[in-house]
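Sequences listed follow chains A and B, in order. Take the first sequence: its position 31, counted from the start at 1, is 31 in the working numbering, and no numbers get skipped. Count along the second sequence from 1, add 1000, and you get the number used in the working numbering.
Calculated from the structure, these hints are not laboratory results. Among the hints, erroneous ones may be present.
Simulated coverage check for chain A against chain B, where a stretch passes if three residues somewhere in it have a Cβ under 8 Å from a Cβ of chain B [as the list claims (entries may be wrong)]:
1. 24 to 32
2. 117 to 129
3. 343 to 352
Over 10 Å on every C-beta distance to chain A, these chain B residues come out as not near it, computed from the model [to be verified]:
4. Asp1003
5. Glu1020
6. Ala1023
7. Asp1024
8. Ser1026
9. Lys1035
10. Arg1038
11. Thr1045
12. Asn1046
13. Glu1055
14. Leu1087
15. Ala1092
16. Pro1096
17. Tyr1097
18. Leu1115
19. Gly1129
Pulled a few chain A residues facing chain B out of the computed Cβ check, cut under 8 Å [unchecked claim]:
20. Ile89
21. Gly170
22. Lys303
Think of the CB as a built atom: it goes at the ideal place given N, C-alpha and C, for glycine as much as any other residue.
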Amino acid sequence: MANRASTGLLITLSAVTIKDKAAVVGIGRTPYWKRGQSYPETEMSMACAAILDALDDAGLSVADLDGFSIYANACDPATVAAALGVPEIRFAAALSAGGGGSAGALGLAAAAIAGGMATCCVTLMSLQQLNRRLGGTAVDGMLAYATMSTGGGYGRGGISPSVAFTANNGMLSPGHGFSLITARHMHLYGTGREAFAEVCISQRDNATKRPMSLQQEPLTLDDYFDSRMVSDPLCLLDYTMESDGAVAVITVSAERAKDLKQPPAYIMASAHGGTGRWGPGIFRYCQTPDEEFASSGHRPVAKRLYEMAGVGPEDVDVALLYDHFSPLVVLQLEDYGFCPIGEGGPFVEDGNIRFETGSIPVNTHGGNLSDAYIIGMTHIVEAVEQLRGTAINQVEGAEIALITGGPASLPVSGTLLRR
Amino acid sequence: MTDNPFGDVQPGVFPAILTETHADESTQPFWEAAKQDRLVAPRCTNCGTFRLPPEAVCFQCQRREAEWVELPGTGTIYSRIIVRHPLHPGLAPVVPYVTGVVELDGTQGAGARMLVNIVDCDPETVAIGDRVEIVFEHVNEEMSIPRFRPIEIDI
């Protein structure tokens, strides 16, 4: 298989692919807490605990660790390495942007390992929302939004000329932005709130079977429709909860993975990015082409992901889809090809994402919505457990798992793991 | 409401949290026209593509040259949300308010949409596809905020 780049250079994909070159071999985590309740732990103490837990799970030690492949400013590798006593850092890099990079950070690890830059990479998130809240909700948050630089992302400082076009329009939070996408999808395809309710209810159902999940009360359709509207068409239950905790995973070469403690979860493929004009998307311009506006922004990533892996959506046994807002699960199901574009609503309402009975079980751990919101890391852990056969809500015979990060400001990302 | 950090707020109208335009060469003409209740946008002189918010380079052909074109100031709601929960106590008197994306008449659509607060409306009845027109709120000598309101249609 060959691809001609715009420079005219002939690139043979098989020669440069990261396909099957690395595997996730260790998973670790702290308990999960509701927002702010992890005190007196700190983000540093939780990060160290999760990393040590993951190394131990793999049968490795700090002496083996030499790479940090992270996203969303998960930690400062320098500080963590000093605290843990990492002998030598050989790779320390992060995907730009935010939660959209969670799944893609595994691709970064695979690239570092396949490229010979590192031998053992950690990907992690440590989150304590004691003095800060993701998305920002107070005046400070709004002003941080209003003063975003042209580079995108929160709190980068500096007021760019374009900010004056977006600061005074009442779009204050990610929830507002995703409501705007959702409203357009509902308009174009007739998607109903019942579909979003099914995402919330099915994932809650999965969480209530797991002792570590934060949401343990079953959810009914009445509960959903009684929930107060926050930014119409999204209600409170469509929003993820806010959580504290840390999760870390360890990636090594496929060859080395065979000799370790756990069955490897091989990285078949990983891709991140998105269409340029999506850009910071909902946070800024809303100039995405019409055919993409009412989407999760994942479509081009999904295409590259399946091409790299040499599989299609029909081969995926379990999907761990980033769910900061329930409608975006529906849109990702379309963009990853589990159903045609525009048919995500009926697809979900027909029970297709249910554990045990659905055609593609989604977020069997409860997801960000009902397990814990550690910015996508719990999805990676669940994928690995599914492939090891040790998940609490185990999909029988699961061989291939899809993990996604985002939608958000680009890049968004997807990774396919296999056992 | 004098102790409100957002000032003297009114229902449905999102208060100005940025009261300076921070304009540069690419955006100054927009704000100058806004002071005079005129909506203008840069159009690429090479390929004719509008770009809003104004940027230095055309996203279609990557050329810098642009001419400023006055637009009719009307458009169609492309998507919209009703914000019902105030993210700050000072915004409680403002909700519910409508924020939406408007596709501007006289442009190519995507690439010249504006994300705006839609005012002078019943939030419950504002719908995608509704026709709207621009109205500028003059905050101070420098900043005039573009908002849109429904066009009254005589039946």
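Right, here's what the structure says about each hint:
no.	hint	in the structure
1	24 to 32	violated (count 0)
2	117 to 129	violated (count 0)
3	343 to 352	violated (count 0)
4	Asp1003	holds (13 Å)
5	Glu1020	violated (7 Å)
6	Ala1023	violated (6 Å)
7	Asp1024	violated (4 Å)
8	Ser1026	violated (7 Å)
9	Lys1035	holds (13 Å)
10	Arg1038	holds (16 Å)
11	Thr1045	holds (20 Å)
12	Asn1046	holds (18 Å)
13	Glu1055	violated (7 Å)
14	Leu1087	violated (5 Å)
15	Ala1092	holds (13 Å)
16	Pro1096	violated (8 Å)
17	Tyr1097	violated (6 Å)
18	Leu1115	violated (5 Å)
19	Gly1129	violated (8 Å)
20	Ile89	violated (38 Å)
21	Gly170	holds (4 Å)
22	Lys303	violated (21 Å)
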